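Peer 1: If you want the building blocks of each chain, they are given just below.
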Amino acid sequence: MSQWGFYFDPDKCIGCHACSQACTVRNDIDEGDVTWRRVEHVGEGTFPDYEEISISMGCYHCAEPECRDVCPTHALEKRAEDGIVTIEQDRCIGCNYCSYACPYGAIQFGEDGLAQKCHGCLGSGAGDGHGSPPREESETARETPACVDNCVTGALDSGPINELLRGASTAAAEEFRSDDSGPAVVLEPATGTEGVSGDDG
Amino acid sequence: MMDSPDGLVWLTQQEYGWYIAAYLFFSGLAGGAYVTGFAADVLRVRSTDPAVDRPMYSITRWGTVLALGAVGAGMVFLLVFHLGAPVRALLFPILFVNVGSWLVIGTWIIVLFSAVATLQGLWVVWHENPAGRAAFPRVVTSRIENRFDVPVDSWLARVASRTHPGPRRRLLCSGVGSALALSMIAYTGFKLGDVSATVPLWDGTLLPALFLASALSIGLAATVGVTVLFDGVEGTNVTAFSVADDVVILGEIAVLALFLTTLASGGPGAVSAFGLLTEEYGLVFWGGVVTVGLALPLAISVGLIALERRVDVHASDRLRRLVRGTYTLKFGFVVLGGVALRYLIIAAAYNAPLST
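Protein sequences, first through last, are from chains W and D. Heads up: the first sequence begins at -17 in my numbering, then just goes up one per residue. Heads up: the second sequence begins at 308 in my numbering, then just goes up one per residue.
No lab work stands behind these hints: they were computed from the structure. Quick caveat, the model's predicted, so the values are computed rather than measured. Keep in mind that the hints are not guaranteed to be accurate.
Chain W side only, calculated, beta carbon under 8 Å to chain D, not exhaustive [stated by the list, open to error]:
{"id": "1", "residue": "PRO(-8)"}
{"id": "2", "residue": "VAL24"}
{"id": "3", "residue": "GLY27"}
{"id": "4", "residue": "PRO30"}
{"id": "5", "residue": "ILE35"}
{"id": "6", "residue": "SER36"}
{"id": "7", "residue": "CYS53"}
{"id": "8", "residue": "CYS84"}
Glycine included, every Cβ here is placed at the ideal spot set by N, Cα and C.
Next up, chain D with everything else stripped away, as it sits in the complex:
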């Protein structure tokens, strides 16, 4: 380890702070939530059951609204807390000339994603008169319009109506947005992985895969979680979404195991990173990432599926409330695990030692 006299030069820890962990978390959440919303959109269009229409559209709205909120929060952490010259960074179309840098590639992916997600947000919230609590931004603009006599709601509705390309083209546009969402998640991993020669924890191959699995998992959990919390479980296909999340979590466990094995069998820097993760930050890793983020959600899922097989959970209000609360708890745990993972990826990022 780095404190023992091993003939290696261990450099002091570098500059990224908790706000970069927050940025990574929110950009992952945004991407995962958007993809979840798109999946619900596709399921809605393909379904012939009219009962599915409203709850699926509600998930799409929540996914889009969450994605926009999360990408905005991520930008706040990046611009306000992290960058030394944030105003200069806003001149990116002129200043970002190194097109081979992952930071430049990522910037353009975020900008394009934000543009598509904003259009989708406009269409799914301000076009027609959407029902459900996911349309709360509409409630806000309506109140502003009524209270302050500023026609913001009418204006947004008019813009949404004039720009709406029709259901099929909107879905196609959302598909492009999903590809950008996946790229946005992956870019964060590739950006860190590009300097893995210096920071062994940021494995150039496995970190993007880990971020992808984790982001899809937390995005799905957050989107379906808020849908269940605010709109109830009826018609939301919550069980199917929960099982889908479980499959992603199992994939994440496989990638995480490979990630740890690679670290443990690597050079001194990688072995040190393994030690930092599993020992020095062991409580956050084993408690936060593994137990809260991965194991407990799977255990809760197994319990819920067993319960749903044995009894009709919609038979009574009490059972329905219990199932709703338990699903919310499960999805909440997944999201907390995602926070812990991003925190560790930054906190345990030490330089590879230099030999003398």
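Bound conformation, chain W alone:
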């Protein structure tokens, strides 16, 4: 299996929320607080030594997803084809246990009370993607997820993890390889550089 995942560089992120908006539109999410992808603004220190970075967060399609492990019905599946974690909503009982198991707050519940989250744009709505062919063969999948497509600074990328690692810094690659059960995201270390640096580090 070639794990599909995300790449994120906080130094490039300007916190514009284009990724989360694109995700919301693409997946027709209009249910109040439900956001599959969101941007967290994280501050540190006090004025004048204050720094803030923005982090685009969603489901990271973990290698060993806790959400899948606690789900009573196996509604959550780690796909063998591409490592994307999908939800079979027809099996979900809406117990919310998975949302507490996920450290990233990725799993959310809409008005129908069923679990929904990012499926890497395998489809275009809650529960889509389950049972679909591998990402590169799927006719319903976008070539790149809407969040990546709409990122104006290149802070966010996606694809097979090996390809993402090739384009990442040594530090980010080493950090990713240090945890083989964790999230499928190659995360560049934040250096505190404000705004877009244009430097891949």
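With the hints as your guide, set chain D onto chain W.
Peer 2: Showing chain D alone in chain W's frame:
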């Protein structure tokens, strides 16, 4: 704390609402009440004093009836208020395939407990002609039978009579039910504790112990409390049960102290949970859990024991009423403390922050 710029990603609070706190409370109450009823059953069988028989059996009936009522109430909160697809959840024998999930383990424990408790309820209420107000379900079925000419009472009595396995086997069956009751209480703690990596408040070791102590305490308090309230204190061994509750409360205080110490000395998420419990929700915690649920019942108990040592509380109606009312008040406080504890365990459950 989570509002200060500390370089950590604090996620927004999650989905469990007050109805899950209610579910946790009622399942704990059900387990504790059933175990109390079983303890009274054992005391009755082992006692050679015939005066003990009726009040102990009354406690057993109250314990069983309360357990069934509470487990039913818990299911209402879970199925009606909480689950997104409750009808689908009723297909659990087919759909619940992840046997390693605490939710699946817990479901089967609840189902088995409910089955055993229902049988016990049938036997202790509809077998023979039980006396005492704990047999009120029998009064209800008798009235239905008389008023609407539906032979529900006769039918239940016949089923109870045909299935009754005899006193010893019934007690053995009740022992199995008690083991299931204890498992049901513990499972709620283990279920939450299984995700303690995400929610530091739900300590995987201490939360089950805290739930166990609290559930036994509130179950005993509720069962003996309603017995005292409706059937009086005579022959109920209320003092012994009250002291037993005090011992459980002391154990709960020890676990709670360890729980708080662990939180206060943990990572940022645990420290934040400690702050939420003791400061933001300080009124409910110090006022509800500690003062009403733990300290006041112990203080009342000390006062009652001192009174019972000095005077014969059965000497006058006035004294008897005073003691009955005070015990009821004490047990009521214990139950209220249990409600406050479950509310806080859900309300203060925030995610551990992520580092950047």
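Peer 1: Quick one: which hint numbers does this structure break? Sort them smallest to largest.
Peer 2: 4, 6
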